[in-house]
Amino acid sequence: MVDNGRVTARTTVFSPLSSGGRTEAVIQRITESVALGLLADGEQLPSETELSAQLGVSTVTLREALASLREQGVVETKRGRNGGSFIRAPGDPTKAVIRARLAAFSVSDLRDAGDELASVSGMAARLASSRASTDNVRRLLTLSERVAAVSGVGERTRADSRFHIEVAVAAASERLTRAEVSLQAELGVLLWLPTSTEQEAREAADQHRAIAMAISREDADLARQLAEQHVERNTHKLIEARIELHGGGTRAR
Amino acid sequence: MPADRRPGDEHAEAPDITAVAEELAAPVERVFAEIAVIAQSLTDVVTAVEGRGRRVRAADLGVISPVADGTLTGDGALVGAGVVMNPGYLEDEERYLEWRQLTRDGRPKPLLLDIDPASDDPYDYWEMEWFRVPRDEGRRMVGGPYFDYRGADRFGLTFATPVHSGGRFVGVAGADVPLAELESELLPVLRRLHQRAALVNHENRVVTANTPHYATGARVHHGIGDPPTDVVPIVADLGWSLLLTPAE
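If you read the protein sequences in the order shown, they are chains V and P.
Residue numbering for the first sequence follows my numbering, starting at 4 and increasing by one per position.
Residue numbering for the second sequence follows my numbering, starting at 953 and increasing by one per position.
I should point out that these hints are in silico values taken from the structure, not numbers from a laboratory.
A hint or two may mislead.
Distance windows between CB atoms, simulated [claimed, not checked]:
1. V/R178 with P/R1143: 21 to 31 Å
2. P/D968 with V/G45: 56 to 66 Å
3. V/G76 with P/A1011: 55 to 65 Å
4. P/D1076 with V/R84: 31 to 41 Å
Each residue gets a CB set at the ideal place from its N, CA and C atoms; glycine is no exception.
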């Protein structure tokens, strides 16, 4: 089952797309999954027939999507007996790349996306307080610390996102989990920069830990409040960074 | 039967709780009966290979796949099945699972997971309760209900039973069952009860209930007395029970 002992496809990545299958949706699903590390560098994608069946799209749509992903350098296709499509995860993005991603959002876009993330994350934390299994709580406590234990943009981004996705998993909600994955892929990848400090990572880990503790103590109101505040602080940071992209002027807080 | 009911009052008669308990346990036992076939297949492999004087390798487990597929393509509710090996048991792979999963179009295929402990975020089955409990306590176990987003990608339950050889823990044979499947069997039974009823797992988390007051997956705190709650064991060794509360 494992080609070379290394493996892996995360099945959530290949589950059917919700409404019809469009090329953009396939591209987005795969790009998101690579950004969050759900698909790792060098990982082989299932065959075109299998993948199109799993995603619920036609092979024509899938081929279009793969062609575009190849152009973006996210997927590499090798021919021959050991051929197939492989993930080419980009190295850690530079500050310029992350700033360019941020520039694609307007300030009001960021506010809107931040509101959605706060509502999903807040609700997930509230529900997790009454639904988390012992296994969920154990994993949440482990993941809460990770953002401070790792270094580098890619690892920090993935550690941060994994914690938030796990809160939704602990809420026993498939839909909230999918929403959280998608929002983390959109916003989570903007949060950490090569210039981010240990101190910032420590603060994030402390906030994660507080959320995890509230969930483990079954304090639904506190868990929700802490999760919302955490998202609001992050959104605030992103909006501040976005405003500064306009250059000139002085910083008004 | 409530004390104020008289014999002959058949129409309002509460159903026999023993019969209900048996019917609720039946689907669980049926899944474990399917798993027993897979467990036997693993035992056979281990016995044969070790009988020849060598250790079991990952490739030896290939014969289990068709057996697992057989449990998936029957009319049961299983969407995934196979064996998950105790780390260190195999000669060539430290960690390994031979696990089959139904694709959305109904064909079985291998479930591929990142189980490398050195990787960023491995699927650490050796930490999960459906593996831990059979390993540490030598008894069968049902994990969940949970959304297994890194594995089966379903909201459901993982059933597992330990396999031993010569006193050593080999691994578990197991199966994934979507909660929706189990619910469709359990609800008609729960509907016959005249009280609020919730089937809960060992953590007192709701598997299925006949009322929205008990949300699937939510932990139920039932104190003594108010409201008075009866606890009826359903599958005692799994810690599954039925909570009964008078409707308001």
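Here's how the hints hold up against the structure:
no.	hint	result
1	V/R178 with P/R1143: 21 to 31 Å	26 Å, holds
2	P/D968 with V/G45: 56 to 66 Å	60 Å, holds
3	V/G76 with P/A1011: 55 to 65 Å	36 Å, violated
4	P/D1076 with V/R84: 31 to 41 Å	33 Å, holds
The structure does not agree with numbered hint 3 stated previously, though it agrees with all others.
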